[in-house]
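> Okay, here's what each chain looks like letter by letter:
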Amino acid sequence: DVKVTQSSRYLVKRTGEKVFLECVQDMDHENMFWYRQDPGLGLRLIYFSYDVKMKEKGDIPEGYSVSREKKERFSLILESASTNQTSMYLCASSFAAGFTGELFFGEGSRLTVL
Amino acid sequence: AQSVTQLGSHVSVSEGALVLLRCNYSSSVPPYLFWYVQYPNQGLQLLLKYTSAATLVKGINGFEAEFKKSETSFHLTKPSAHMRDAAEYFCAVALTGGFKTIFGAGTRLFVKA
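Protein sequence lines correspond, in order, to chains A and B. Numbered by the numbering used here, the letters in the first sequence go through residues 8 to 121 in order. Numbered by the numbering used here, the letters in the second sequence go through residues 623 to 735 in order.
Derived by calculation from the structure, the hints in this document are not laboratory data. Errors might be hidden in some of the hints.
Chain A regions said to be covered by chain B (calculated; three or more residues, Cβ under 8 Å) [to be verified]:
1. 50-57
2. 109-115
Below are the PhoX-like pairs computed for lysine-lysine, each with C-alpha atoms no more than 20 Å apart in a straight line [claimed, not checked]:
3. B:Lys-722 with A:Lys-60
4. B:Lys-722 with A:Lys-62
5. B:Lys-680 with B:Lys-690
Just so you know, even glycine gets a beta-carbon here, dropped at the ideal spot from N, CA and C.
All chains, full assembly: derive it from the sequences and hints.
Shown next as structure tokens:
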């Protein structure tokens, strides 16, 4: 069964803390994505990666960075968390080949910044 | 630029009634269209996708959607709602060769007994 695993389901952090959200997929997918989900806004793309060590900004990259050192792992980093980054974060992966296919999602990481 | 509009943030139906969730998209070229479902405290999973084959697409759990180019719509339907269908549903669009999927704001489906 295909699997995208996010390291933490729930996190509570304080303003200014550095936050790491990790995502691992076991499907040998080339593409990996980080989305942010907020009520009434749907999913918004933060960053994506189409290969190891490659990354591209999505629609809302400000305040975030990413790391992809291995094909199966894609990390989202909040260098200095702020309250407006309280949200649900979803990791996804997909096959390459022009990306016309299905996204496979993890169960999400709900981050609260106090 | 692509965009997706889902009409109605909340839809409530009785068990056994027809489910209709509306989605309209804008795209300068023929897109790939998707419906995803999110059950409480879970990630999203694919219900169905349109990739320029048949315009009527059948998905999992009895759902189907029809691609209507003239109306730029991709509405999701199910003839008879079940309690287990209560979830949030997202319509999404992607272009060939691109790496971005654009999601609608979501429609939460409530099913009344």
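> Now, for every hint given, state plainly whether the structure supports it.
Hints versus structure:
With a threshold of 8 Å between beta carbons, the proposed coverage of the stretch 50-57 of chain A by chain B holds, since 5 of its residues qualify and at least three are required. With 6 residues bearing a CB less than 8 Å from a CB of chain B, the stretch 109-115 of chain A meets the requirement of three and the coverage assertion stands. Under the criterion of a C-alpha separation no larger than 20 Å, the hint pairing Lys-722 (chain B) with Lys-60 (chain A) is consistent with the structure, at around 19 Å. Using a Cα cut-off of 20 Å, the hinted pair Lys-722 (chain B) and Lys-62 (chain A) holds, with the two alpha carbons roughly 13 Å apart.
Our distance criterion of 20 Å between C-alpha atoms is met by Lys-680 (chain B) and Lys-690 (chain B), whose separation comes to about 15 Å.
Figure legend: structure checked against the earlier numbered hints; every hint is met.
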